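So the protein lines, in turn, are chains A and B.
Per my numbering, the first sequence runs over residues 11 to 318.
Per my numbering, the second sequence runs over residues 11 to 318.
In case anyone wonders, no lab produced these hints; they're calculated from the structure.
All figures in this text were calculated on a predicted structure; none of them were measured in a lab.
Heads up, a few of these hints could be off.
Same chains, same names: a pair is fine if it fits in one copy or spans any two.
The list that follows gives simulated cross-link-like pairs (lysine-lysine, DSSO-like), each with its CA atoms no further than 30 Å apart [stated by the list, open to error]:
id: 1; residue 1: LYS188; residue 2: LYS280
id: 2; residue 1: LYS280; residue 2: LYS252
id: 3; residue 1: LYS187; residue 2: LYS145
These are the residues of each chain, in order.
2 protein chains.
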Amino acid sequence: MGYKLDYISRLFQRTSKKRIEHYVISRIWHLLNDYDVKMTPQQYVSREQLKYALTDVYFPQFGFHVEVNEPAHYHSEENINRDLLRQSQIETNTGHKIFVIDCRENLEGIHKQIDSLVAEINKKVREQKEQGTFKPWRPENEHNPNYWKQKGIISITDEISFHTIENICLLFGADPKKTKRGFLRKGGIGHPDFPDLLLWWPSERPRSGWQNNFDEINATITETHSDSEKKVQHYRDHSNGKHTRVVFFHYKDILGLTNYKFVGIFTNDKEKSNENIGTVWTRIGERMNLETGQISNEKKEKTNANIG
Amino acid sequence: MGYKLDYISRLFQRTSKKRIEHYVISRIWHLLNDYDVKMTPQQYVSREQLKYALTDVYFPQFGFHVEVNEPAHYHSEENINRDLLRQSQIETNTGHKIFVIDCRENLEGIHKQIDSLVAEINKKVREQKEQGTFKPWRPENEHNPNYWKQKGIISITDEISFHTIENICLLFGADPKKTKRGFLRKGGIGHPDFPDLLLWWPSERPRSGWQNNFDEINATITETHSDSEKKVQHYRDHSNGKHTRVVFFHYKDILGLTNYKFVGIFTNDKEKSNENIGTVWTRIGERMNLETGQISNEKKEKTNANIG
Numbered sequence: 011m012g013y014k015l016d017y018i019s020r021l022f023q024r025t026s027k028k029r030i031e032h033y034v035i036s037r038i039w040h041l042l043n044d045y046d047v048k049m050t051p052q053q054y055v056s057r058e059q060l061k062y063a064l065t066d067v068y069f070p071q072f073g074f075h076v077e078v079n080e081p082a083h084y085h086s087e088e089n090i091n092r093d094l095l096r097q098s099q100i101e102t103n104t105g106h107k108i109f110v111i112d113c114r115e116n117l118e119g120i121h122k123q124i125d126s127l128v129a130e131i132n133k134k135v136r137e138q139k140e141q142g143t144f145k146p147w148r149p150e151n152e153h154n155p156n157y158w159k160q161k162g163i164i165s166i167t168d169e170i171s172f173h174t175i176e177n178i179c180l181l182f183g184a185d186p187k188k189t190k191r192g193f194l195r196k197g198g199i200g201h202p203d204f205p206d207l208l209l210w211w212p213s214e215r216p217r218s219g220w221q222n223n224f225d226e227i228n229a230t231i232t233e234t235h236s237d238s239e240k241k242v243q244h245y246r247d248h249s250n251g252k253h254t255r256v257v258f259f260h261y262k263d264i265l266g267l268t269n270y271k272f273v274g275i276f277t278n279d280k281e282k283s284n285e286n287i288g289t290v291w292t293r294i295g296e297r298m299n300l301e302t303g304q305i306s307n308e309k310k311e312k313t314n315a316n317i318g
Numbered sequence: 011m012g013y014k015l016d017y018i019s020r021l022f023q024r025t026s027k028k029r030i031e032h033y034v035i036s037r038i039w040h041l042l043n044d045y046d047v048k049m050t051p052q053q054y055v056s057r058e059q060l061k062y063a064l065t066d067v068y069f070p071q072f073g074f075h076v077e078v079n080e081p082a083h084y085h086s087e088e089n090i091n092r093d094l095l096r097q098s099q100i101e102t103n104t105g106h107k108i109f110v111i112d113c114r115e116n117l118e119g120i121h122k123q124i125d126s127l128v129a130e131i132n133k134k135v136r137e138q139k140e141q142g143t144f145k146p147w148r149p150e151n152e153h154n155p156n157y158w159k160q161k162g163i164i165s166i167t168d169e170i171s172f173h174t175i176e177n178i179c180l181l182f183g184a185d186p187k188k189t190k191r192g193f194l195r196k197g198g199i200g201h202p203d204f205p206d207l208l209l210w211w212p213s214e215r216p217r218s219g220w221q222n223n224f225d226e227i228n229a230t231i232t233e234t235h236s237d238s239e240k241k242v243q244h245y246r247d248h249s250n251g252k253h254t255r256v257v258f259f260h261y262k263d264i265l266g267l268t269n270y271k272f273v274g275i276f277t278n279d280k281e282k283s284n285e286n287i288g289t290v291w292t293r294i295g296e297r298m299n300l301e302t303g304q305i306s307n308e309k310k311e312k313t314n315a316n317i318g
């Protein structure tokens, strides 16, 4: 039946317990009616692990988040204020934009809000197409290391996500045998050509006591260990010098498949790290040239708010 | 949040386990984008009680059924043939039309089928509006006996459905006290003005041993009793003469509310009834004039197939 139908229908199904959210999300997709636009859930972090998910649905091509607030949401001042704070944090730190659909309104009112969101997305698509920056949703490329190897540049906006560690190795020309230590799998290996770079595939799930936490808003990963001695030792090992890691974050996607998603290049953050917290890694690059190893950032689009 | 949002979002939720069906149904609704069009599940008969439901979704204003066939459906010749037979039965006996969405196709293929269904529905709306026969979806009227009392005529195409037996009484000016026998509720009472008419509210659920089965395709209701003596006696009581019943069929709607839906005027069918089956009631009228008691049928629209 095709990957996109499978993907989107599972995305709908995932929200089926919250029926208004579900109604809104299906409407956005159907009215957008554009196969090249990718709509995703918040992927890396499972809802169970956070007190609240980042947002309900995300459009990675535009940095647009959609938050669907069912009427019950507005019954608590605390909810409302916490959300406003979180939204402003996300917008400030990531440059993303959050659209809130207020479901206290009636059908016509909700439809109007969705219409204007859809118009905003369509406008972005047109703008990006005019500027030649539009990256259509191509699942078959996202998961294919050979495609990116040939392209020569990887960027977090490409939504690159491999199903295996072998594919990460393939992309960088690394030897997959080196990822194994007996029956164990290492958490990362050195880049074959650039000795200062570590290829790292951390996970939210504890592995041999190691525990990683990905803060998408602040673009940091905290690496700790359940054994406090190991945590302190690891912190000390990374409290000096510059350690750089090309990161593929592990998660299970909406189809239930294992994925390692390219989330950028990170270094040890000496200010944020300490013996209590563990080692904090901060993103320093969003793009990488595979051949030269050069690391850079995406040009940020100026929003209207920045012009004034 | 409004009745229609509640209704439609629950209709979506009901199909959420079958995710492709769900995707298709939400798309039809969102692309139709017409608040005046009513989309319903098969209401009177629960899926558990039949080997298979009649159809997945129904548009009562046009007599359009939609059947969403997931790919697995086509793996069995038996399924396919049974469906074709059932579809032709429905179309022949009811004058309804069945649209099948074949989900073996990819996203584009499925979308195309939905687009053409939506175009057909829009065409019907236009035609009915031109002919002055369009009945917009008005839930507030459907459930209001005073509205129909004032109107003076009830028809099965009006989707009249009351929440209480008291409301049925109100419509006909009957005394609701007469519906009770001590703590028991009778299954029906005589019409206050037309002694030949019984106001009847049967249910698929057994009540004091009485069991009714509504065959929507053939427009018959079979009335039996778990006690075979009572069944035979009831058959004999109705094997002679003409017995006429104004029927409000009991079911739980998608919001979980009790409903008694006007499904027409029925008489005892002497050919179909017997001691084994019980008493079979066949629909003889779809419309009733409340003041005169006159019973009639809706004019059937000629389909293109009939013209040739």
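Status of each hint after checking the structure:
In the homo-oligomer, the alpha carbons of LYS188 and LYS280 lie at most 30 Å apart inside one protomer (29 Å), although the nearest pairing across protomers, at 84 Å, exceeds that limit. Taking the closest pair of Cα atoms, LYS280 and LYS252 come within 30 Å of each other only inside a single copy of the chain (9 Å); across copies the shortest separation is 93 Å, beyond that limit. Taking the shortest alpha-carbon separations for LYS187 and LYS145, neither the intra-copy value of 34 Å nor the inter-copy value of 70 Å comes in at or below 30 Å.
Figure legend: structure checked against the earlier numbered hints; the only hint not met is number 3.
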